[in-house]
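Chemist: Start from the sequences, fold in the hints, and give me the full structure.
So you can see what is in the structure, the chains are spelled out below.
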Amino acid sequence: MSVQQMTAKQAVSRIESGATLMVGGFGLSGVPFKLVDALVESDRRDFTLISNNIGTPGQGLGKMLNTGRIRKAIGTYFTTNPDVGEAYQQGRLEVKLLPQGTFCEAIRAGGSGIPAFYTPTAAETELAEGKEVREFEGRPHVLEKALKADVSLVKAHLADELGNLVYYKTARNFNPLMAMASHLTIVEVDRIVPAGMLDPEAIITPHPFVDILVTE
Amino acid sequence: MSVQQMTAKQAVSRIESGATLMVGGFGLSGVPFKLVDALVESDRRDFTLISNNIGTPGQGLGKMLNTGRIRKAIGTYFTTNPDVGEAYQQGRLEVKLLPQGTFCEAIRAGGSGIPAFYTPTAAETELAEGKEVREFEGRPHVLEKALKADVSLVKAHLADELGNLVYYKTARNFNPLMAMASHLTIVEVDRIVPAGMLDPEAIITPHPFVDILVTE
Amino acid sequence: MEHQLIRRRIARRAAQELRDGDVVNLGIGIPTLVNNELSPGVNIHLHTENGMMEVGPSPPPEAADPQLINASRQLISELPGSSYFDSGLSFAMMRGGHLDVTIIGALQVSQRGDLASWAVPGKTVLGVGGAMDLVVGAKRVIVATTHRTKEGQPKLLPECTLPLTARGEVDVLVTEHAVFRFEANCMILTEIGSHLSLRELKAITPAEFQVHPQLKVVNRKEVFQ
Amino acid sequence: MEHQLIRRRIARRAAQELRDGDVVNLGIGIPTLVNNELSPGVNIHLHTENGMMEVGPSPPPEAADPQLINASRQLISELPGSSYFDSGLSFAMMRGGHLDVTIIGALQVSQRGDLASWAVPGKTVLGVGGAMDLVVGAKRVIVATTHRTKEGQPKLLPECTLPLTARGEVDVLVTEHAVFRFEANCMILTEIGSHLSLRELKAITPAEFQVHPQLKVVNRKEVFQ
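Keeping their order, the protein sequence lines are chains A, B, C and D.
Straight run, no breaks: the first sequence in full-length UniProt numbering ends on number 216.
Straight run, no breaks: the second sequence in full-length UniProt numbering ends on number 216.
Straight run, no breaks: the third sequence in full-length UniProt numbering ends on number 225.
Straight run, no breaks: the fourth sequence in full-length UniProt numbering ends on number 225.
Listed next, the in silico DSSO-like pairs over lysine-lysine satisfying Cα-Cα at most 30 angstroms (straight line): (1) 63(B) to 96(B); (2) 96(B) to 145(A); (3) 123(C) to 96(B); (4) 123(D) to 131(A); (5) 34(A) to 9(A); (6) 123(C) to 131(B); (7) 216(C) to 139(C); (8) 216(D) to 150(D); (9) 139(D) to 96(A); (10) 123(D) to 145(A); (11) 9(B) to 34(B); (12) 96(A) to 145(B); (13) 34(B) to 96(B); (14) 63(B) to 123(C); (15) 131(B) to 139(C); (16) 9(A) to 139(C); (17) 123(C) to 145(B); (18) 131(A) to 131(B); (19) 139(D) to 131(A); (20) 145(B) to 145(A).
Derived from the structure by calculation, the hints contain no laboratory data.
Being a predicted model, the structure only gives us computed values, none of them experimental.
Modeler: Put into structure tokens, the structure is as follows:
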């Protein structure tokens, strides 16, 4: 399908309450702030959020947390926002913690048609509790399931009109993985350029992964 | 470890007879011809070859086949070289066939510390015979093991002095995956440029995957 | 040649299944002809599994680049918006459901939508390529094939006798005589050429199929040309 | 501050474990100090798990770019030969054994080389980050930590009591008092500061360790400074 261009508000209107959302970014780098803000301004809620962290207090995804939109968070490092701990303690937020490499790999798997894989990471630790363990090459490995979402909110630097994406420095992080792993991929970009303006060798996310481009 | 620069002859002298080799290329595009030729000129033999195909008669890996260096071939499409069929029929060559997506994913897994994964591809077909099958989301999936090698022979376009790589058009194919998946990665490049000359956003294989650069 | 004309007719009819903007992978054989038979106003995005999107046409000889090929090892060209990626991402795209359509050839198709397309009878089978991943992964699988083999053997069967590419993944089957759709593993005839009767079609089609209540009878000269 | 000096000494001693050309990931805390304490002639390649190789130093304020950060969320800069990649490739690099060394902090280390570094006692544990993958994947795992906690509790124990990061993966352990190596799950003292006796070291080290026959006694002022 060809990509569509629209405003952040129009784009987030495609998201339903109760959806599973992936949101890119590490710390505050590579977060699609406009899309997150538009979502905060909408009436949508009750999300399962798949994101490495939940911003900082009142910033980025922190806004979504503080307005009570997130029911469950799957990620690796929520320690940077003390509001997360508070919400968790008060039972307002369910949290599922994964090692960061497992988190990445599960999202890539979700986007790649791989339902599950084995990883040595977290074997014989608390984070492997309740998970299947199996030995390969004499070492215990944990069976991890793919992560998929209804919608991904992605931050890229430039897109061409077809929806091909390039990223910016360490703002790339989880964004290309999440762009692959959901039914609807909404991408906030700094600028849209004509087809042919991006180096074909340097395109990180080819357009078949992308559904909607937002600039505003 | 920092990369080393040397001739093709010096590089292939690091390869031992009986080694498992990965060799990049799809058809004759992206094949490291100089490295293959240097290997054919050496006295090394008895290789297990992991490569999508085995060239064409007398070209590329076809030379290795015709000089009796390959004991076993793991790949996806050997039909383009009739010599492969002949060697197989005469019992000179063992062949293991994988679907191309499984082949790619197994190599990526090998380079990524993932020992095994499940894929829907080939489920309920002959190529799944003898393999573990498990249902995910109501669909049968095949358990596939990672592929790793002692040595990878890779063709890239440019390298910088650190060993960062960029590729050329569809000659990229399996090369970046194979660069990750072996103990020793030898890369044939068209040219080596000073560090800083490649766009950091466009580097496909970062240098930690690379051991030896060959230009000649 | 009559044979070439039949292949082109099949390709043209298969092309009519494509929608504007579809991301498409074309297999070896008849499917490669589809790109020349697109309906007016339908622009598709061509994927090749050796690692490229927006595959352009064969270049003039002086512009040909032996490093730039498609999965059929044909020389191709770049278009505005083309991108290159490694085979791992290419197959992730396929297996992960990011291709809208694959059009693929067949040796046999069963009445429940199984496909056999890789293992030729009586030959040592040393090539499978990307077909299994394509058929498992693409959102819609369109088989474009002659109704029978060159030797006149049926290809549309109750069960495939050749090794399977995938089970139950075919969505649409286009031959020079008819179009079938598969729903819940049932084979449904939706279109038949006016040059043959339903009885004649059944005689050359061992597969059991239902006839769609709104069966279209189309003039082969018009629609299949 | 004595505490800052101790941290720097640990970092400097850990830095001596690095070889020229090593690809290195530095964890949060004392490990981040290692890059300023490298021995002359030792150039390392710094990896940050949020997707960059050849991490450069903190930029001057006017050149700072909030989108360019390391895994500790500190502002960093580009060097010639820097590359960016997604988190998936970054962790593939780690887990796949392509990093030569990780230097990482610790809450506890056991005598068989188990590491506990992520779950702080008495707090809700809501962050694990990349430590587990780093420790499982890097070819050499160097722990750089104070010998005891700020409260004077021992960190080097027969068994970790805190949740594990990984079991049996520590190769070298550097504290302000000593250096230990782990071989076949045995903890071996290879170096001790001249400011304390073996008996004093044992008194603050509940972990059982062997003493290397060529134990080095080093002047803390010289080597640990």
